[in-house]
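J.: Taken in order, these protein sequences are the chains called A and B.
Taken in order, the first sequence gives residues 259 to 477; the numbers are from my numbering.
Taken in order, the second sequence gives residues 259 to 477; the numbers are from my numbering.
Take every hint as true, because none was put in to throw you off.
In this list, chains with the same sequence are indistinguishable; a pair is considered to hold if it fits within one copy or across any two.
List of simulated lysine to aspartate or glutamate pairs, EDC-like, C-alpha gap at most 20 angstroms:
#	residue 1	residue 2
1	K403	E323
2	K403	D319
3	K290	D331
4	K262	E275
5	K403	E320
Just so you know, these hints were derived from the structure itself, not from any lab.
Number of protein chains: 2
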Amino acid sequence: MEVKDFFPVWNDLSPAEQQLLEGGAVRRTVEKGAVLHSGSLDCTGLLLVERGQLRACILSDEGREITLYRLLDRDICLFSASCMLRSIQFEVTIQAQRETTLWVLAPEPYQCVMEHSAPLANFTNEVMAGRFSDVMWLLEQILWKRFDQRLAAFLLEESALEGTSVLKITHEAIGSHMGNPREVVTRMLRYFQCEGLVRLSRGTVEIQNADGLKQLARI
Amino acid sequence: MEVKDFFPVWNDLSPAEQQLLEGGAVRRTVEKGAVLHSGSLDCTGLLLVERGQLRACILSDEGREITLYRLLDRDICLFSASCMLRSIQFEVTIQAQRETTLWVLAPEPYQCVMEHSAPLANFTNEVMAGRFSDVMWLLEQILWKRFDQRLAAFLLEESALEGTSVLKITHEAIGSHMGNPREVVTRMLRYFQCEGLVRLSRGTVEIQNADGLKQLARI
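Make a model of the complete structure from these sequences and hints.
T.: Next comes the structure, spelled out in structure tokens:
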């Protein structure tokens, strides 16, 4: 994939604008676990995911964390370039969930083009609105859903993303996605095991009854 | 205040664009408690608050609610025009917290100008980023803060907004702002009263020790 393939508005940009965006782009492949962006310390630039998976998360002062949303093939990560937007006042960490190939777009040329191009500004607006919707969904889950419902939904989502019912994931990692301590995750997974929904072994959670989980998650 | 006073980019718009925006604007005064926008049912348009106070909230299926943010004098409410942005997939309710005078801007002319004007698109982007930051702040509060800290911060904020230490507000209303059931609010307020932080009487919460509340909220 080339940079232009990420932008449906590419043909609405002038050749000079296109060149400015492409000129500031670097292609990279990062390992699973790599931290690509960390809070407001650095202004990494826009990340265009060609192949792989990133997660955007926030961290508490006490070291707890929660996944805001995941970025898959063809997704654009805006908040790694939050220096571009004066009104963004929160700190997001971006981490690779598996080996990921991506384009890094320098923030200055992007901002420069966006300032004069209504199509690019409106496209950026849509990307932000999409992420905003993800976060609102998460907020509603946390506010109104019980933890067992959220955990059931998480296991099903993870299974769909990985294409397997045998999830290689620790209770600690599930807690980091969901914003809960490990102990709480372990307790609920054991309850799920008693109910025949999953089978637990060291470092894996195997889904035994997907329909039961769906019913619980009300999907 | 006129429509143009809400837009720092007004002078970057053409006279035709300015006319389009002003032509679709209606000035209204609404009573305290009035619901101005309700979910995705209607596309009310942009709300420009001249004087007063609105709150944006979300509702659960079970009738619980939580305030996302408040809009004060000179603020712009974007999500009452969420039909403009395809990627917004959540439902916000907008309610007047006191008598409020505002401009309602029809969504079609706004969208039409934004499509071709980079300054207006970028300004809209900044407004959305500001609200996004408000919601991220709320999410962090809910995730990492204890309820007593959040309640202390709420009472101080309400006191600052109303300009008084005697808050005329019911426990039910506090619960609706904070996303908690009334009983939980009542229990914590009684604890605050025991600690000498507040004095309770029918329909009012009087702040007795603002410094104590600040310390608790870690402001």
